[in-house]
Amino acid sequence: MSPSGEPVPTGVVPPTFAAAPDAGVLPLDYATLDDRDVVALACKGRETAFRELLSRYERPVFSLVVRMVRDATLAEDLAQEAFIKAFHALGSYDPSYKFSSWLFKIANNLTIDHLRKKQLDTVSIHGSSSPGRGEEDSRPRIAVPDGGETPEDYTANRELGSQIENAIGRLRPEYRTAVLLRHVEGRSYEEVAEIMEVPLGTVKTYIHRGRNELKDLLAEVAA
Amino acid sequence: MSSPDFHPDSERLEARAAGELAPHEARVLDAHLRVCARCRSEVEGWSLLLGELRELPDRPPAPDFAARVMARVDVERVRQGAERPPLLARLTERLGDPVFGVVRRLRPPRRLPAGIRTDGTTLQTGSPRHLTPTGIQDYLEGTLAARTRSRVDAHLATCTACSAEMGSWSGFFRQIEALPTLAPRNDFADRVMARVQVEAVASAVARQQRSPWERASQGLARVTDRLLPTSRRGWILAGGVTAAPTLGVVAVVAAVVLNPLVSFPDLFTFLRWRGVEAVGSLGRGVLAVVAENPVTFALFELFAGVAQASPLALGGAFALAVALVGTATLVVYRNLFAPSLTGETHAQPTS
Ligand SMILES: [Zn+2]
Ligand SMILES: [Zn+2]
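Protein chains in written order, with our numbering: chain G, 1 to 223; chain R, 1 to 351.
The following block holds chain G by itself, in its conformation from the complex (with noise of 0.2 angstroms):
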């Protein structure tokens, strides 16, 4: 067509896969992309899947974690923690399981580790072992960020001075876990049983019990 004119791009003509292995010609939609899938790119080395699941479970996974602990740069360490390991096992997640169950479990295990460990540090003197009560005061330990963080990185501190989350912080650590991950996180109790590594039967009475003690603490508060 024009035999003078500017030369055809040989190197443009249609793009293929192999040709792109990263979010190159072919811009893939990762949001209208099932959790399985974005797995599957990740595992083939594609950043922008590892930014997706991010995106995707940041928050929940933030959310549970924090308060778990109740300390959101503790959270956000267990949580980044939590991320990084679960990216660095890809190779062993089975599909057959849901992503975000997979993902949750290992950030609960790192959470509850930490609440353990925390726990051993302050055994109590007349040794009574009871593997729950990580915390023993009810108060909500509000980290101070140190320098050159803002105040405002910190609603999460904030959030965590209500009074229901006051009550969530002083349930033993699988209730909490188990009613957090139903009501807040949205999970079924199969999911739940999954995720906490317990029979079905036993996350009904978590969930179940949490719920009543939460009820009376805030009866509690309220009276």
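Hint data in this document are derived by calculation from the structure and do not stem from the laboratory.
Among the hints, a few may not be true.
Straight line, CA to CA, 25 angstroms or less: simulated SDA-like cross-link-like pairs of lysine to any residue [stated by the list, open to error]:
#1 G:98 to R:177
#2 G:105 to R:269
#3 G:44 to G:121
#4 G:98 to R:217
#5 G:44 to R:191
#6 G:85 to R:205
Away from chain R, derived, C-beta distances all over 10 angstroms, residues of chain G [claimed, not checked]:
#7 29
#8 105
#9 196
Some residues of chain R that are not near chain G, with every Cβ distance over 12 angstroms (derived) [what the hints assert, rightly or not]:
#10 195
#11 267
#12 323
Heads up, the beta-carbon is just placed ideally off N, CA and C, and yes, glycines get one too.
Given the coordinates of chain G, assemble chain R with the ligands onto it according to the supplied hints.
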């Protein structure tokens, strides 16, 4: 004198109060009770509670009943007893019906709706059994069976105390479900990605590609996982399911073997003779085998023998097998499948 370091758990103490321990176990426990005031007091609390519970259907507990019981029970200890459910919750369960129970009223309500007295004696309307917290929660989560649900609705229509309680529970549900999702700082993703080696993940995954054998064994493990019962009751009745056909087979074999007309040497000779016959007949070709199969013949005679063996014994064995399989199937269904249906139904808010 300080109290001992080791205390028996509440379950044992409860068993002691109920007189359910074996004599030697009771002796060991009593030795501890002699030196430990705390456990002694708990056993007394249990006896009191169990005694009152036996009376319940006939008369309501005395107004100060809850207070008297709770004074005996080391609440903090029960509360802290890691895996141990709270005392009252366990008793509620023990009463059998998790939805309607008598015990709930024993717990002094913390905030009473107007018009209701603390001792709960104003509740002349409706049935004497009220909704349990478990029942109320299941109702609100929509996990009750339709029939139970309508029973609950009927009760709520007549019982002011329970409908007030229901109202406060549903307010509570709204309150927890309104909890916001909390966000980490904006650079959270960047900080994670700074520590993830994308290439390393990809090559690790490539190395880890599982062999078909590994995948198959994982699949198998998953299937086993799903098939295994999730509760003790489930286990016991799954055992029943396995045992029932076994018992049936045992009964049939026993009926044949114990038949006075059959003796072991006879049976052996008979089978050997038939066996020899069968081997000989193989030579006569396929047509002959199909036409008058001696093995079929032998089996036929064997079953004819069974038919003659005491019909009473056979009928009994059959009835037993049917009963066991029926019960076991029902309970396994309730433990394995019914609970898994209940978790899904509740639509969730948030985000
Ligand atoms: Zn003792
Ligand atoms: Zn009622």
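Tested hints:
{"no.": "1", "hint": "G:98 to R:177", "result": "holds, 23 angstroms"}
{"no.": "2", "hint": "G:105 to R:269", "result": "violated, 64 angstroms"}
{"no.": "3", "hint": "G:44 to G:121", "result": "violated, 42 angstroms"}
{"no.": "4", "hint": "G:98 to R:217", "result": "holds, 19 angstroms"}
{"no.": "5", "hint": "G:44 to R:191", "result": "holds, 21 angstroms"}
{"no.": "6", "hint": "G:85 to R:205", "result": "holds, 14 angstroms"}
{"no.": "7", "hint": "29", "result": "holds, 19 angstroms"}
{"no.": "8", "hint": "105", "result": "holds, 15 angstroms"}
{"no.": "9", "hint": "196", "result": "holds, 13 angstroms"}
{"no.": "10", "hint": "195", "result": "violated, 5 angstroms"}
{"no.": "11", "hint": "267", "result": "holds, 48 angstroms"}
{"no.": "12", "hint": "323", "result": "holds, 26 angstroms"}
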